[in-house]
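Since chain A is already given, all that's left is putting chain B on it; use the hints.
Read top to bottom, the protein sequences are chains A and B. Residue 382 in the working numbering sits at position 382 of the first sequence, with consecutive numbering throughout. Residue 91 in the working numbering sits at position 91 of the second sequence, with consecutive numbering throughout.
Hints were generated in silico from the structure; no laboratory data involved. All of these numbers come straight from a predicted model, not from anything done at the bench. Some hints could be false.
[Claimed, not checked] Derived DSS-like pairs (lysine-lysine); straight-line CA-CA distance at most 27 Å:
#1 A/Lys392 with A/Lys407
#2 A/Lys193 with A/Lys50
#3 B/Lys77 with B/Lys49
#4 A/Lys407 with B/Lys77
#5 A/Lys392 with A/Lys411
#6 B/Lys49 with A/Lys193
#7 A/Lys50 with B/Lys49
#8 B/Lys77 with B/Lys93
#9 A/Lys407 with B/Lys49
#10 B/Lys77 with A/Lys411
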Amino acid sequence: MSHPAPIIIVGAGHAGGRAALALREQGYAGHLLLIGDEPHLPYERPALSKQLLLDSQPADACHIGSAEQYQAQAIERLAGVRVAAIQPQARRIRLHDGRELDYHRLLLATGGRARHASLPGADLAGVQLLRTLDDAAALQPRLQAGQRLLVVGGGFIGLEVAASARQLGCAVTVLEAGDRLAARALPPLISEKLLALHRARGVEVRLGCQIAAFRGDGSVSAVALADGELLACDTVLVGIGIQPNTELAAAAGLAVGNGIRVDARLRTSDAHIYAVGDVCEFPCPVSGQPQRLETWRNAEEQGRHVARSLLGADDAYAALPWFWSDQFDHSLQLAGQLQAAANCVTRALPDDGVLLFYLDAAERLQGACGWGAGNSIARDIKLAEMLIRSGKALPAAALADPASSLKSLLKGVTSV
Amino acid sequence: MSHWIAACDVDDIEQEDVLRFDHAGRTYAIYRAPDDQFYATAGTCTHEKVHLADGLVMDHIIECPKHNGRFDYRSGKALGAPVCVNLQTYPVKLEGGRVWIALADA
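Just chain A, with the same shape it has in the complex:
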């Protein structure tokens, strides 16, 4: 079946780019338009805080697909173009230059923008954010050995940049308002491991730290704390989360909560409009509660899933939440849900590594979090993911025992 009006994707980040390519993989042969406000090809963001700053990977290695690939697959790209409005009744969008485009289906993958600190001096030169390739390109030359970097926010972006900058020889201080690192996403034990690693590698970490202002003459030279202390610096990175780009959807009258609201098929309150990625607030497959996930896996999997939904498939999006963070030569991974668990089982690993298993009252695994050197915990977290999906009751003693193989538990060969 062919339609004269195209499928239009607004937002050419990871989720939008993946959805465009997946639509072609799924056999969609109609007109397909991918609109993004950045000049770049769609790209993955994990390297922005690490490899791009360390200069160990070129920017184009982050791209999803090549220009030739989009051309060969007849995916029309409008790069550096902003969408001004959606008219759902007319099934039409208006671009900033006034052009109007009709759509058959519309996919919103508008992502988010880095939140800025609403403090005096936030507009000084050298107060940086990190969300885009251009942000990374602007930050990278500031991280020369001997430069002083102040990181505002002890979440993943802040900590990964702190680790990269330290590896480059910068003097790095992390200022976190809360009482532990990455508290929104991580169990307290993993926050402690992160704190110990950063301090051991020479990062100064201040918890419970309130900032009053950025100071400087044109360019930032210090951060003033609420207690009056002044911390001198050459660069500030503000890493305090993102603001989902919901304005277009809200102005068009779509249901918006903490993101653009969708159902389990990733369809918004308008039957012809879908949403995916960082901006998408979708029902948690376990609890049914609306949730928004800002992760690589979520962008990748929702991008692929929505391609099927757009083409008429009726299956619910049910991917398990999963993310990782690399800091120095360590990594952490988290799969599933940790909240609402009845019991947490700890497995100690060599070299200060650890696996945490979160079980419900029936001893079924709900979530797992691992920390260790290199990617040492990756396969155990992958197996944990499969154990979560299996729904099997698991003996806590086996989960706690480093000698007991998770693969054996999965295959039903209990070693207890």
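Chain B only, in chain A's frame:
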């Protein structure tokens, strides 16, 4: 032309598992399949330079520890996004209790 290099002992790898082997500045992954056959591929994922030996082997599939890119390690075939470039594979032989892989002469 190629030459044979001893990568590890047969007993170094459990069934349905993988081991990293570094040689002459390059890195390889050696696999022992559930049917006790041995295989060898390039050591890092074609998507990003992540060591596959930290990934999970299930049957004849190796899954990258980071992005869930999956390969059939017998043929090196990439099994769908995010990976689309196949892994280089290398001939393997067992001799004297050791696993040998054939590498192209530099």
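Okay, the hints, checked on the actual structure:
Pair hint A/Lys392 plus A/Lys407 holds up; C-alpha atoms about 13 Å apart against a cutoff of 27 Å. Restraint check: the Cα-Cα separation between A/Lys193 and A/Lys50 comes to about 19 Å, which is no more than 27 Å; the hinted pair holds. At roughly 17 Å between alpha-carbon atoms, B/Lys77 and B/Lys49 fall within 27 Å of each other, so this suggested pair holds. Between the alpha carbons of A/Lys407 and B/Lys77 the distance comes to roughly 24 Å, so the proposed pair stays at or under 27 Å and holds.
Between A/Lys392 and A/Lys411 the alpha-carbon distance is near 11 Å, which keeps this suggested pair within the 27 Å criterion. Of the supplied pair hints, the one linking B/Lys49 and A/Lys193 holds, its CA atoms being roughly 26 Å apart against a limit of 27 Å. Distance check on the hinted pair: A/Lys50 and B/Lys49 sit about 13 Å apart at the alpha-carbon level, within 27 Å; holds. Our distance criterion of 27 Å between C-alpha atoms is met by B/Lys77 and B/Lys93, whose separation comes to about 21 Å.
A C-alpha spacing of about 26 Å is found between A/Lys407 and B/Lys49, which places the hinted pair at or below 27 Å, so the restraint holds. Between B/Lys77 and A/Lys411 the CA atoms are separated by roughly 26 Å; this keeps the pair inside 27 Å, and the hint holds.
Of the numbered hints given earlier, the model fails none.
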